[in-house]
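Now for the letters of each chain:
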Amino acid sequence: MTAGLLLEQGFNGIQFGLVLFLMAVGVTLAFGVMNVINLAHGSMLMLGAYLIAASAAKTPSFLLAFVMAMLAVAVLSALLELVIMRPLYVRGHLDQVLATFGVSIALNEAVIMIWGREAVFTPGPSWLDGSMRLAPDLDYPVYRLAITAVAIAAGIALWLMLAKTRLGMQIRAGAEKREVIAGLGVNIRLLFTAVFVISALLAALGGVMLGPLLAVQSGMGDPLLIVALAVVVIGGVGSLRGALVASIAVGLIDTYGRMFWPQLLGSTAGNIMANAAVYVLMAMVIAWRPAGLFGRHAH
Amino acid sequence: MSALLEVREACKRFGALVVNDRVSLTVQPGEVHALIGPNGAGKSCLIGAITGELPHDSGEIRFRSERIDHLPVHRRARLGIVRAYQVPQFFGSLSVRGNVAIPEIARSRSAWRLWRSAAADEKLQAVAAESLRQMDLEGSGARPSASLGHGEKRELELAMSFAAQPQLLLLDEPLAGLGMGDRERMVERLRALKGRYVMLLVEHDMEAVFSLADRISVMVAGRIIASGSAAEIRSHRDVRAAYLGEETP
Amino acid sequence: MPIRVYVILGILAAAAIAVPFFGQPYYTKLAVRMAIFALAALSLDLLVGYAGLVSFGHAAFFGLGCYAAGVLPMAGVQSAFIVFPAAALLAASVGALTGAVSLRASGLYFIFITLAFAQMVFYIAQGLRMLSGDDGFRLPAPTLLGELPLTNPTVLLYTMLVALAAALWMCHRLVNSHFGQVIQAARDNEMKLKALGLPAYPYRLALYTLAAALAGIAGAAYANLTEFVAPATMSWVLSGELLFMVILGAAGTLVGAIIGAVVFVGLEQILSAWTEHWLFFLGVLLVLRVLLLPQRLQALLRA
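Chains as they are written, first to last, in the numbering used here: chain X, 1 to 299; chain V, 300 to 548; chain W, 549 to 851.
I should point out that these hints are in silico values taken from the structure, not numbers from a laboratory.
Please note that a few of the clues may not be correct.
Now the in silico label distances, taken between C-beta atoms and shown as ranges [as the list claims (entries may be wrong)]:
{"#": "1", "chain 1": "X", "residue 1": "Trp115", "chain 2": "W", "residue 2": "Phe569", "range": "29 to 37 Å"}
{"#": "2", "chain 1": "X", "residue 1": "Tyr89", "chain 2": "W", "residue 2": "Pro697", "range": "48 to 56 Å"}
{"#": "3", "chain 1": "X", "residue 1": "Glu118", "chain 2": "W", "residue 2": "Met739", "range": "47 to 55 Å"}
{"#": "4", "chain 1": "W", "residue 1": "Gly558", "chain 2": "V", "residue 2": "Gly476", "range": "34 to 42 Å"}
{"#": "5", "chain 1": "W", "residue 1": "Tyr749", "chain 2": "V", "residue 2": "Trp414", "range": "19 to 27 Å"}
{"#": "6", "chain 1": "V", "residue 1": "Trp411", "chain 2": "X", "residue 2": "Trp115", "range": "52 to 60 Å"}
{"#": "7", "chain 1": "X", "residue 1": "Trp115", "chain 2": "W", "residue 2": "Ala714", "range": "28 to 36 Å"}
{"#": "8", "chain 1": "W", "residue 1": "Tyr574", "chain 2": "V", "residue 2": "Ser446", "range": "44 to 52 Å"}
{"#": "9", "chain 1": "V", "residue 1": "Glu531", "chain 2": "W", "residue 2": "Ala648", "range": "50 to 58 Å"}
{"#": "10", "chain 1": "V", "residue 1": "Leu492", "chain 2": "W", "residue 2": "Ala713", "range": "46 to 54 Å"}
Predicted, not measured: the structure shown is a model, and the values here were computed from it.
Positions of the beta carbon are idealized from the N, C-alpha and C atoms, including for glycine.
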């Protein structure tokens with residue numbers, strides 16, 4: 001147990017937390033503003049990873065591939081919102097859960113139909129290869145640092161958008177009191193589409209960044225979605241601050257946990273605890289505060 | 300004889316807005332007590348404080364001399380504090396008869412019966428039928444409750460309240476939105492039930508209030524400005540000042 | 549319930565009873581599969597259709613029952629009279645614990661939390677390396693009904709038909725009892741129910757535990773059908789499929805869940821025989837079903 005290792009895992013934990021945040025924001029915005037559940041959110045992450053791999057094969061420029069992938073996700077998610085989500089806003093959560101679940105299993109199979117069952121290899125951009133010496137005994141991959149930077153940048157961009165732009169104000173107002181913004185002459189339909197697409201792009205961004213680190217295969221986004229759901233529950237549905245705090249906390253707890261639990265409890269029990277920890281935390285938070293740490297009363 | 304319900308110095312505020320300002324009120328056994336006042340005076344908040352749905356910030360509420368401030372909504376209901384809501388609250392997927400059976404199931408502590416059919420429970424159905432009869436609804440027993448008209452939903456609300464055998468019935472504007480004929484019918488119904496149920500009645504309709512209530516409390520801007528018999532209130536200087544030009548038709 | 553529903557049910561039952569006589573194990577196994585998922589869907593309908601609780605983690609209880617049937621033979625226990633109650637008890641215990649927490653939340657939170665807890669159970673099963681983790685393990689020995697092994701499809705079929713009939717009858721009595729009325733009232737207007745003196749929580753928890761137990765029994769049977777035990781029986785995909793079965797029939801009718809399960813399993817067989825990528829079409833079908841046929845109980849289930 002060296003300081004370097006602790007630091008390294010700390011960085012990894014924060015990264016994981018930031019990616020979780022990107023997912024969680026989408027979930028919490030969708031529910032806060034539109035009162036909608038989208039279980040296909042994990043598929044957006046998956047699509048981000050697959051599309052960057054596909055685009056990167058077409059062009060040597062990683063940046064161009066990135067833009068292409070994001071554009072594709074934006075178009076796809078807008079279509080999804082138009083065709084499938086829109087009729088579901090007035091239906092209850094059961095219908096939304098089932099329809100988006102259907103979308104997610106269809107998309108999971110669709111990527112197999114197009115790219116096969118084997119994991120796809122996505123190289124990161126070559127100019128992010130190598131490691132940086134962060135501490136005497138810590139050589140940290142540049143790529144991972146880049147992810148952290150990008151995620152933070154995305155978070156700041158999101159914050160700026162919400163705080164400074166008209167769209168952002170509408171979103172925040174909508175998250176607070178949905179009924180009010182309709183009366184203010186806001187184009188609700190466009191707003192919902194915008195929120196949906198933004199959420200999808202954030203998830204896809206997560207997928208793009210994780211591509212080179214994880215196995216890009218069907219269903220890769222789903223486990224992350226479920227952890228993101230736990231994060232949203234912990235932070236409080238509809239609360240961005242809650243999503244951030246909970247994401248980072250969960251990221252660190254999970255990463256350090258995987259290191260420490262096996263040492264504390266032995267291999268089997270340790271692994272079990274490492275897997276269960278996030279959900280045990282979720283259970284404890286709910287028992288103490290049913291609306292989450294920063295949540296307001298549910299819509 | 301001590302008061303059935305005693306509210307002492309109840310205070311409730313939402314941020315800077317004080318909706319109940321040291322409100323004190325008593326309801327005596329056997330009486331019909333009306334709570335009147337302009338819109339926004341804080342009457343519904345006080346009702347919410349009594350039922351426990353909107354707990355007050357400070358002050359005491361006693362029911363039969365016991366403090367109930369710490370009790371959750373369902374415990375107070377068990378004590379017999381029943382509220383009839385302004386917007387009728389019922390169980391949309393159950394029939395009319397099914398709706399009035401619920402308070403009886405609650406009252407008779409039989410909610411854990413897992414096997415025998417509720418529809419075949421003669422005792423239960425008899426109580427339900429009786430409650431419906433009180434409100435002239437027994438003909439509609441089998442109808443889906445969601446299909447009732449607005450006035451009928453009001454009647455169902457009351458029937459459910461009576462089925463709960465309330466020790467204190469809190470009526471939240473039972474006449475609101477009713478037409479002339481329905482209004483008179485409702486007042487007659489309530490009058491027929493005087494003495495049988497203790498009622499705390501929140502209403503705007505002055506005629507109804509003066510004809511039904513034994514005692515009246517007047518709330519303006521979160522404070523009780525007067526409390527007494529109908530005659531006393533009618534001639535009360537502050538009440539006349541508050542209501543000058545505000546009398547509802 | 550319209551007469552035609554009972555006619556359909558009667559036809560299905562008759563067909564199921566007759567199937568083994570045709571001597572085609574494939575169809576007998578198919579019928580067993582339908583009966584098993586019918587029981588699981590029935591248990592979920594109690595929650596979704598009557599209590600208005602959309603649980604997206606029901607597969608966890610199914611899978612726990614499966615594991616019970618798989619692990620007990622390792623301790624030398626094979627009797628159905630121990631295995632099934634043990635499966636039910638295991639599922640019910642986890643159901644009571646997770647339900648106690650989940651039910652403190654309502655609406656959307658509840659859906660998320662049930663999903664999350666089910667994943668937790670899934671990950672725990674995956675992590676049990678002595679049980680071969682994600683790969684799962686072969687059923688060490690069949691559950692025995694007296695001398696009869698339940699791995700024999702015909703024996704399992706008749707056993708499941710009896711179990712299903714008993715469960716249907718029991719659930720029917722339950723939803724019509726005082727308890728059932730309270731549960732449905734809680735779904736319609738929880739606030740009003742509380743104002744009448746009944747908190748919804750204890751009744752919902754009891755129902756949740758019961759539903760878990762029934763799903764566990766179905767899971768134990770499944771272990772005998774497939775002769776295999778794996779974490780896939782706890783996956784969220786299966787939870788979603790169970791929900792689909794419930795609404796495919798019609799939520800809140802009990803019989804609808806049974807018919808929905810039969811249709812779903814049949815559909816699954818037909819689609820998978822037709823194309824390797826049948827899951828894609830299943831997903832599309834699910835979306836179409838939801839979009840084109842609005843739910844009968846939609847307004848009531850709205851969080």
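### Task
List, from low to high, the hint numbers that the structure doesn't satisfy.
1, 4, 7
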